[in-house]
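Protein sequences, first through last, are from chains Z and H. Take the position in the first sequence, starting the count at 1, then add 54; the result is the number in this note's numbering. Take the position in the second sequence, starting the count at 1, then add 2; the result is the number in this note's numbering.
The hints are simulated quantities; they were obtained by calculation from the structure and are not laboratory data. Just so you know, nobody snuck in bad clues.
If you anchor each label on the Cβ, the simulated ranges turn out as follows: (1) H:ARG251 <-> Z:GLU97: 32 to 40 Å; (2) Z:LYS82 <-> H:SER279: 20 to 28 Å; (3) Z:GLY378 <-> H:GLU96: 47 to 55 Å; (4) Z:GLU56 <-> H:ALA84: 36 to 44 Å.
Below, simulated DMTMM-like cross-link-like pairs (lysine to aspartate or glutamate); rule was C-alpha separation at most 20 Å, straight line: (5) Z:LYS170 <-> Z:GLU205; (6) Z:LYS82 <-> H:GLU284; (7) H:LYS63 <-> Z:GLU286; (8) H:LYS175 <-> Z:GLU377; (9) Z:LYS386 <-> Z:ASP402; (10) Z:LYS134 <-> H:ASP283; (11) H:LYS63 <-> Z:ASP324; (12) H:LYS63 <-> H:ASP216; (13) H:LYS63 <-> Z:ASP290; (14) H:LYS63 <-> Z:GLU327; (15) Z:LYS134 <-> H:GLU19; (16) Z:LYS386 <-> Z:ASP455; (17) Z:LYS304 <-> H:GLU19; (18) Z:LYS134 <-> Z:GLU242; (19) H:LYS63 <-> Z:GLU287; (20) H:LYS175 <-> Z:GLU118; (21) Z:LYS82 <-> H:ASP283; (22) H:LYS63 <-> Z:GLU332.
Built from N, CA and C at the ideal position, the CB exists for glycine as well.
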Amino acid sequence: MEMMRFATAGSVDDGKSTLIGRLLFDSKSIFEDQLEAVADVSERMGLDETNLALLTDGLRAEREQGITIDVAYRYFATPKRKFIIADTPGHVQYTRNMVTGASTADLAIILIDARKGVLEQSRRHSFIASLLRIPHLVVAVNKMDLVDYSEERFDEIVEEFGHFASKLEVTDLTFIPISALKGDNVVERSENTPWYGGTSLLHHLETVHISSDRNLIDARLPVQYVIRPHSEEFHDYRGYAGSIAGGVLKPGDDVVVLPSGFASKIAQIDTPEGPASEAFSPMAVTVTLTDEIDISRGDMICRPHNQPTSSQDIEAMVCWLSEGTSLAPGSKVAIKHTTRTARALVKDIQYRLDVNTLHRDVEAHTLSLNEIGRVTLRTTQPLFFDEYRRNRETGSFILIDEATNNTIGAGMIIGTPQ
Amino acid sequence: MVVGALWSTLDGEMNYELSHLKALQAESIHVFREVAAEFERPVLLFSGGKDSIVMLHLATKAFWPARMPFPLMHIDTGHNFAEVYEYRDRRVSELGVKLVVASVQDSIDSGRVVEQTGPGASRNQLQTTTLLDALGEHGFDAAFGGARRDEERARAKERFYSFRDDFGQWDPKNQRPELWSLYNGRHHRGEHIRIFPLSNWTELDIWQYIETEDIDVPSIYYAHEREVIARDGMWLAITDFITVADHERVETRQVRFRTVGDATCTGAVESDAGTVSAIIDEVSATRITERGATRADDRASEAAMEDRKREGYF
Ligand SMILES: Nc1nc2c(ncn2[C@@H]2O[C@H](COP(=O)(O)OP(=O)(O)OP(=O)(O)O)[C@@H](O)[C@H]2O)c(=O)[nH]1
Ligand SMILES: [Mg+2]
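When you get a sec, could you build the whole thing from the sequences and use the hints?
If you want it as structure tokens, here you go:
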């Protein structure tokens with residue numbers, strides 16, 4: 055069975071948590087004790103209907119305030135796929151938690167309240183989804199029950215969103231009219247929207263093609279850990295363990311190791327099931343080479359004629375995640391990229407993006423919480439990277455505050471500065 | 003064995019697709035290696051329950067053919083099932099790894115905690131102190147736990163790397179962002195990080211994996227006859243550690259355990275599942291979560307787990 059990860063996104067109260075509750079409920083993935091518990095709470099809160107959002111809003115503070123603060127992960131399976139859902143918060147203040155939940159998603163569902171139309175947060179989240187290169191986007195126009203299932207209203211929102219989305223890089227965009235509360239078009243197609251010709255949301259989730267989203271071209275193995283058993287049986291074993299971050303590797307392949315540039319050949323690929331004839335992302339493997347060369351964590355194994363960029367000068371889109379501090383030229387931070395950690399100096403902030411209009415503010419020289427901008431960095435050691443749009447694994451990094459140890463930034467590499 | 007079975011061949015073309023179990027396995031192994039590379043003293047919390055058994059299995063795979071580079075630690079309430087102790091000791095000697103036992107009894111004897119009394123008494127709560135003391139005493143800076151996000155809704159909120167301050171506390175409103183597979187394990191002295199490699203596994207995944215990998219689990223997971231009493235809506239096993247009240251009736255039932263924890267608060271479910279595949283059928287059909295069915299500790303209040311976690315619980 056194939057596994058698929060998706061995230062919900064959109065403005066506060068657009069119905070993200072309710073939709074997930076509905077998906078779980080209608081696909082019979084909610085357990086009786088969980089349902090009883092939320093029914094009890096709903097009753098105590100004086101609600102007429104069971105509030106399905108309470109199924110994912112698991113923290114006391116969330117239930118008290120009726121909003122989602124941090125991502126909740128939920129799981130369900132149909133005979134076709136196993137799904138990992140990240141229910142992310144809509145509130146601006148918690149955008150960084152939305153980014154956390156969305157970074158690994160194959161698909162994002164952007165909810166839009168049919169009454170309110172496209173709001174600033176809908177735009178912000180759609181933009182973040184496109185920046186994170188989530189390959190598939192679904193715009194679920196929700197609360198259709200409150201607009202009499204109006205085709206006209208749906209079309210207006212499709213047009214409004216389509217206009218905004220034309221400025222984003224979105225490869226696959228689907229619109230579905232739903233009611234998360236009543237269940238229309240969530241699992242089954244609804245009779246209330248006879249004018250809608252598409253499939254239900256669940257059907258879309260089950261069938262959208264995701265296996266071709268991975269990079270199977272550029273072979274990359276960031277060395278994570280060196281395995282040296284020192285046992286009699288494996289006396290000379292020296293394995294380079296890591297997760298394949300792109301392409302396909304086979305025994306016998308010619309490889310080079312960065313930064314040393316030494317060349318060798320793959321002798322064997324060990325996997326949890328034993329030796330394999332091929333390895334591809336996201337397999338966790340251990341590779342042995344035909345030559346004894348000095349390799350350690352943070353090195354990169356790749357093919358001689360397809361190497362990542364090796365540079366200390368990096369240009370990237372950075373999303374700032376820190377409440378207390380801001381990013382400015384001259385800031386010094388730690389950077390973690392694949393299995394490599396270095397220090398980085400912020401040389402320049404070229405512009406800050408207005409997520410509403412996508413206008414580039416070149417006058418801006420800092421990034422504060424939840425702001426996104428194009429940044430130039432200089433690192434203490436070369437990093438081996440690809441453009442994020444080509445490879446999410448070798449194109450992403452995080453920034454860490456060296457004093458507090460907090461994760462303060464998320465970066466998507468564009469390349470080296472011109 | 004060659005992993006040819008990993009992908010299916012479509013019209014003679016290779017289809018680079020991983021099954022959900024292989025994808026989960028890869029994710030967990032990645033986390034084990036990352037922690038081993040970046041922390042000074044990791045430890046794997048091993049209870050003898052199915053999740054920690056699967057976690058241990060994955061850890062051995064992550065470093066094969068070398069031995070896993072960290073010890074195991076059992077937080078022992080002293081109120082465990084004999085089958086579980088036996089299993090623990092057998093596994094440890096097979097693997098030749100080091101086992102640290104931190105005992106709640108010792109914490110009681112030294113006055114760090116006070117034993118509860120009365121019919122509902124349990125050592126479950128007391129484990130937190132024993133755990134935090136042991137982490138401090140041995141200087142462990144990373145502790146692998148077998149918690150899964152599908153178990154409980156406070157757990158559904160937790161990161162793979164869960165930061166704990168120098169009092170061992172979790173602050174759910176202020177978790178570090180965790181993007182892609184880039185984990186931030188940095189911490190100051192005295193702080194530590196709980197690591198949950200099984201975050202994305204469900205109870206069903208665990209059993210399917212136990213089946214595919216042919217992993218041995220303690221016999222109490224399979225249906226067997228046992229003397230039980232009905233308490234708090236679940237079947238509680240008769241052991242030396244619980245007091246049967248006058249109104250409670252001891253009866254023999256065919257049961258199995260869905261979770262293995264302290265014998266005083268872990269209930270059994272009625273079942274005739276005697277094999278892993280029968281358990282998989284049962285788990286697929288069940289309509290009640292494993293903790294809802296069998297853990298008195300989580301029923302205490304609506305936010306019982308969140309509160310215990312904030313204090314430093316597993
Ligand atoms: N009438 C109607 N109400 C809905 C629908 N979907 C959600 N709601 C209601 O809208 C309110 C907000 O829903 P939530 O699911 O909590 O919203 P959310 O998007 O998760 O909010 P945050 O996570 O805080 O951003 C709740 O009162 C829901 O019952 C719908 O389809 N129709
Ligand atoms: Mg919500």
